[in-house]
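Q: Protein chains in written order, with UniProt numbering: chain A, 1 to 543; chain B, 1 to 245.
These are computed hints drawn from the structure, not numbers from a lab.
Please read all numbers here as calculations on a predicted model, not as lab measurements.
One should not assume that every hint holds.
[Said to hold, decoys possible] Calculated cross-link-like contacts (lysine-lysine; reagent style DSSO-like; alpha-carbon spacing at most 30 Å):
1) A:LYS134 x A:LYS15
2) B:LYS187 x B:LYS128
3) A:LYS131 x B:LYS187
4) A:LYS160 x A:LYS131
5) B:LYS46 x A:LYS82
6) A:LYS154 x B:LYS125
7) B:LYS128 x A:LYS131
8) A:LYS134 x A:LYS455
9) B:LYS125 x A:LYS131
10) A:LYS63 x B:LYS46
11) B:LYS46 x A:LYS160
12) A:LYS134 x B:LYS187
[Claimed, not checked] Examples of chain B residues toward chain A, derived with CB under 8 Å:
13) ILE17
14) TYR220
15) VAL221
[Unchecked claim] DEER-style ranges, computed between Cβ atoms:
16) A:SER112 x B:THR24: 48 to 58 Å
17) A:ARG61 x B:GLU84: 50 to 60 Å
18) A:PRO91 x B:GLY93: 22 to 32 Å
19) A:LYS82 x B:TRP26: 34 to 44 Å
20) B:TYR14 x A:SER112: 31 to 41 Å
21) A:ARG70 x B:ALA11: 51 to 61 Å
22) B:ARG49 x A:ALA113: 37 to 47 Å
23) B:ALA208 x A:ASN305: 47 to 57 Å
24) B:GLY93 x A:ARG70: 52 to 62 Å
25) A:ASP316 x B:MET90: 58 to 68 Å
26) B:MET90 x A:ARG162: 51 to 61 Å
27) B:MET90 x A:ASP292: 50 to 60 Å
For glycine and all other residues, C-beta sits at the position ideal for the given N, C-alpha and C.
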Amino acid sequence: MRVMAQVAMVMNLDKCIGCHTCSVTCKQAWTNRAGVEYVWFNNVETRPGQGYPRTYQDQERWKGGWELKRGRLRLRSGGRFKRLAQIFSNPLLPTLSDYYEPWTYDYDTLISAPLGEHTPVAQPKSLITGKSMKIEWSANWDDDLAGGPELAPKDPILVKIRDQVTDRVKMEFEQAFMFYLPRICEHCLNPSCVAACPSGAMYKRAEDGIVLVDQDQCRGWRMCVSGCPYKKVYFNHRTGKAEKCTLCYPRIEVGLPTVCSETCVGRLRYMGLFLYDADKVTAAAATENEHDLLAAQLDLLLDPNDPEVQAAARHDGIAEDWIEAAMASPVYRLAKVYKVALPLHPEYRTMPMVWYIPPLSPVVDALRETGNDAEDAGNLFGALDSLRIPIEYLAELFSAGDPAPVASSLRKLAAMRSYMRDVNLGREPQASIPESVGMTEESVYEMYRLLAIAKYEDRYVIPKAHAETARGLEETACSLDGDGGPGQYEPGPFGSASGRPIPVAVETFHALKERQTSEVFVPLESIRVNLSGWNGRGGRDES
Amino acid sequence: MSAQDILLWVALPYLTIAVFITGTFWRYRYDKFGWTTRSSQLHERKLIRIASPLFHLGILAVVGGHVMGLLIPEGWTSAAGLSEDAYHVMAVGLGAVAGACTLAGVSLLIYRRRTNGPVFNATTKNDKTMYVFLVAAICLGLVTTIIGSGVIGDGYNYRETVSPWFRSIFLLDPKPELMAESLPSFKVHAVAGMLLFIIWPFTRLVHAFSAPVLYLFRPYVVYRERGPHDPGSRAPRRGWEKVGS
Chain A
1 MRVMAQVAMV MNLDKCIGCH TCSVTCKQAW TNRAGVEYVW FNNVETRPGQ GYPRTYQDQE
61 RWKGGWELKR GRLRLRSGGR FKRLAQIFSN PLLPTLSDYY EPWTYDYDTL ISAPLGEHTP
121 VAQPKSLITG KSMKIEWSAN WDDDLAGGPE LAPKDPILVK IRDQVTDRVK MEFEQAFMFY
181 LPRICEHCLN PSCVAACPSG AMYKRAEDGI VLVDQDQCRG WRMCVSGCPY KKVYFNHRTG
241 KAEKCTLCYP RIEVGLPTVC SETCVGRLRY MGLFLYDADK VTAAAATENE HDLLAAQLDL
301 LLDPNDPEVQ AAARHDGIAE DWIEAAMASP VYRLAKVYKV ALPLHPEYRT MPMVWYIPPL
361 SPVVDALRET GNDAEDAGNL FGALDSLRIP IEYLAELFSA GDPAPVASSL RKLAAMRSYM
421 RDVNLGREPQ ASIPESVGMT EESVYEMYRL LAIAKYEDRY VIPKAHAETA RGLEETACSL
481 DGDGGPGQYE PGPFGSASGR PIPVAVETFH ALKERQTSEV FVPLESIRVN LSGWNGRGGR
541 DES
Chain B
1 MSAQDILLWV ALPYLTIAVF ITGTFWRYRY DKFGWTTRSS QLHERKLIRI ASPLFHLGIL
61 AVVGGHVMGL LIPEGWTSAA GLSEDAYHVM AVGLGAVAGA CTLAGVSLLI YRRRTNGPVF
121 NATTKNDKTM YVFLVAAICL GLVTTIIGSG VIGDGYNYRE TVSPWFRSIF LLDPKPELMA
181 ESLPSFKVHA VAGMLLFIIW PFTRLVHAFS APVLYLFRPY VVYRERGPHD PGSRAPRRGW
241 EKVGS
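Please put together the full structure from these sequences, using the hints given.
A: Laid out in structure tokens, this is it:
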């Protein structure tokens with residue numbers, strides 16, 4: 001047994017209102033630079049929908065993640081030789097049109113247009129070509145089922161279950177079911193992007209499991225982009241390097257949650273530690289039956305309260321405060337103790353570490369519309385049994401198509417809802433409700449505290465990185481480095497972003513100092529590239 | 001033998017080697033972040049799907065051909081039972097095919113670069129300069145192959161002049177007189193090649209040194225620790241080690 005720690009996240013989908021605050025704050029923090037205009041480390045998709053990039057879940061086409069070949073785990077895109085042979089042009093790489101062509105508006109026209117009969121209009125301008133363009137797609141074009149009958153049926157999950165359940169899927173689905181799916185990098189235990197990187201530039205941090213790209217070692221072979229089944233590694237077309245969600249590691253290291261978590265208005269994100277057995281990851285990912293993958297993944301997670309596990313963790317160099325944090329971990333409770341959180345697409349065999357509590361509210365809403373008491377345990381259980389399509393859809397997302405774990409999770413949420421209603425209305429609490437889903441009254445109440453009260457300090461239990469090892473944390477590579485980063489230094493002599501990177505902390509220090517001490521007003525764009533990057537004068541700045 | 005010959009066939013080669021080695025070392029030391037393929041596949045997929053493998057596989061074959069022709073003495077192939085005529089036919093045949101593939105590939109790549117808006121926008125001055133030197137070297141190389149083969153004019157056995165001169169440079173016993181008596185086309189191609197190698201470290205061509213061969217031998221998932229040193233201490237800098245350590 002080799003115990004390792006993993007910083008993980010759980011998102012409670014019931015609470016997501018699809019406001020995209022997480023996406024916007026993440027964008028402003030990490031990808032408001034030239035070269036990554038089209039990149040959203042965090043995006044929120046409406047399901048059913050095609051997702052971002054379009055139909056990324058269709059692995060028949062994109063071939064991301066792992067597959068079992070004669071009982072052995074290998075990348076779906078092929079063996080090592082095959083992929084090296086494809087290095088000159090990666091056939092599985094999405095093009096910009098699969099994401100979307102980023103744009104801004106020609107705002108300058110609004111103030112500089114001559115007086116005329118009509119109000120001037122800010123034309124959309126492509127951030128890639130600088131020319132006027134027609135906006136036809138974006139990172140959330142099908143938000144709230146926009147373009148529903150035309151676009152939603154192309155959802156790869158719908159296509160998949162339609163084969164199984166017949167045509168009524170579409171109609172019933174759109175009437176009864178819609179929810180939001182916020183996505184970041186999964187920081188997998190068995191990351192296929194890392195496995196696909198020819199340069200060895202991608203790595204999993206041994207201390208906290210965060211998957212990062214060494215910007216100095218990345219050579220732009222683009223295999224990670226196609227290797228990731230979630231398409232959460234992106235190619236910066238200016239610097240020629242791969243970039244991805246960093247799980248806001250500079251914040252995590254000082255005990256703060258990620259920007260997306262911190263700014264989530266629904267307070268639906270939970271962050272904490274898993275202790276897992278690193279020696280068993282490959283074997284777990286090679287579990288033959290896809291339906292058993294979830295159980296195998298849960299088996300990897302070790303009980304931090306078990307003295308044997310604690311001893312093993314100490315032996316493997318995990319600090320005492322990290323073990324304590326693992327014991328208080330909200331994600332461990334949600335995933336393994338209550339078993340309400342489920343991983344996204346376990347069938348990709350990457351052992352993803354961002355988990356989701358499936359949404360019960362669409363079921364509740366559907367029930368309420370029929371005029372029934374939507375909080376009654378019996379009614380809810382009955383609805384869960386009859387509303388098969390939502391469950392099958394959720395099962396395709398969260399449990400490789402096996403409806404049992406999703407149904408079990410939803411039944412627990414339903415039980416909590418009914419049980420707590422009685423408590424809150426001062427009625428006699430019914431112990432039979434928790435019992436019917438295999439929980440106790442105490443555990444339902446604790447789960448209610450965690451999910452409904454959701455105190456900040458309960459949602460985020462993040463131990464700090466250790467100062468004594470801090471030297472190794474000195475920022476060697478970060479996607480803010482380089483031209484267009486907040487430091488705004490000149491492009492290097494060998495094209496965009498050549499030259500030595502400046503550590504993030506140094507950049508931030510200088511940028512802040514300049515703003516704070518300058519006599520004159522320092523316009524923001526001199527420190528940070530405007531999100532649009534458009535200079536309003538008919539082209540992009542520089543080159 | 002004129003001063004020009006000394007300059008071109010002794011001074012220039014050593015200058016090339018010096019700039020190539022120190023330039024590459026300097027670039028790697030100071031510009032790891034700029035060391036990348038700078039792929040434009042994200043912008044355009046269809047043309048690059050054909051052009052890029054065509055060019056890259058072609059140029060790899062061309063490199064192999066140069067190694068064969070320049071590094072391996074004629075005596076060795078003869079001893080292996082390969083006559084000059086047979087060698088010549090083989091070299092010219094394979095060389096012409098590889099050269100044609102390379103030229104077709106690079107032409108298509110440049111066409112793509114020029115006609116596709118986003119790709120053209122992503123092209124720097126550095127890239128454009130590099131393309132001039134690269135295409136010049138490739139075209140002159142093809143011309144040399146055609147002339148040397150005897151398709152135009154008489155055939156020419158460069159393995160009696162150019163190749164020994166090439167090896168003499170690395171043996172630190174330069175023989176410029178051998179090169180001085182070779183055909184003009186070979187001379188021009190050699191100079192173009194040397195110029196290409198001089199600018200090489202300062203262009204995107206450096207990605208050739210990053211051919212990820214080690215990928216075949218490493219474990220799939222890479223873990224990295226924060227540092228090799230003990231907690232609480234920092235590895236002493238060179239020259240500041242403790243006494244007795």
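Q: Look at each hint and say if it fits the structure.
A: Hint-by-hint comparison with the structure:
Restraint check: the Cα-Cα separation between A:LYS134 and A:LYS15 comes to about 34 Å, which exceeds 30 Å; the hinted pair is violated. Taking the CA atoms of B:LYS187 and B:LYS128, the gap is near 24 Å; set against the 30 Å cutoff, the hint holds. Restraint check: the Cα-Cα separation between A:LYS131 and B:LYS187 comes to about 46 Å, which exceeds 30 Å; the hinted pair is violated. Taking the CA atoms of A:LYS160 and A:LYS131, the gap is about 39 Å. The hint is violated against a cut of 30 Å.
Restraint check: the Cα-Cα separation between B:LYS46 and A:LYS82 comes to about 20 Å, which is no more than 30 Å; the hinted pair holds. Distance restraint check for A:LYS154 and B:LYS125: the Cα-Cα separation of roughly 43 Å exceeds the 30 Å cut-off, and the hinted pair is therefore not satisfied. Between B:LYS128 and A:LYS131 the alpha-carbon distance is near 23 Å, which keeps this suggested pair within the 30 Å criterion. Distance hint between A:LYS134 and A:LYS455 is unfulfilled; the C-alpha atoms sit about 45 Å from each other, more than 30 Å.
For the hint linking B:LYS125 to A:LYS131, the alpha-carbon distance of about 21 Å falls within 30 Å, and the restraint holds. Between A:LYS63 and B:LYS46 the CA atoms are separated by roughly 19 Å; this keeps the pair inside 30 Å, and the hint holds. The suggested pairing of B:LYS46 with A:LYS160 holds, with an alpha-carbon distance near 28 Å, which does not exceed 30 Å. Restraint check for A:LYS134 and B:LYS187: not satisfied, since their Cα atoms lie roughly 54 Å apart, outside the 30 Å limit.
At its closest, the beta carbon of B:ILE17 sits 21 Å from a beta carbon of chain A; the interface hint therefore is violated under the 8 Å criterion. Proximity of B:TYR220 to chain A holds as hinted, the smallest CB-CB distance being about 4 Å (cut-off 8 Å). Because the closest C-beta pair between B:VAL221 and chain A is about 5 Å apart, less than 8 Å, the hint holds. Between A:SER112 and B:THR24 the Cβ separation comes to about 49 Å, which falls inside the hinted range of 48 to 58 Å.
Taking the beta carbon of each, A:ARG61 and B:GLU84 are about 53 Å apart, inside 50 to 60 Å as hinted. For the hinted restraint 22 to 32 Å between A:PRO91 and B:GLY93, the CB-CB distance of approximately 30 Å keeps it satisfied. The beta-carbon spacing between A:LYS82 and B:TRP26, approximately 36 Å, falls within the hinted interval of 34 to 44 Å. Checked against the given bound of 31 to 41 Å, the beta carbons of B:TYR14 and A:SER112, roughly 59 Å apart, lie outside it.
Evaluation of the 51 to 61 Å hint for A:ARG70 and B:ALA11 yields a pass: the beta carbon distance comes to about 60 Å. A C-beta distance of roughly 44 Å is found between B:ARG49 and A:ALA113, which places it inside the suggested range of 37 to 47 Å. Taking 47 to 57 Å as the suggested C-beta distance range, the pair B:ALA208 and A:ASN305 conforms, at roughly 54 Å. For the pair B:GLY93 and A:ARG70, the beta carbons lie near 41 Å from each other, so the given range of 52 to 62 Å is not met.
In this structure, A:ASP316 and B:MET90 meet the distance hint of 58 to 68 Å, their C-beta atoms being roughly 59 Å apart. Distance hint check: the CB atoms of B:MET90 and A:ARG162 are about 58 Å apart, consistent with the given range 51 to 61 Å. Between B:MET90 and A:ASP292, the C-beta spacing of about 57 Å keeps the proposed range 50 to 60 Å intact.
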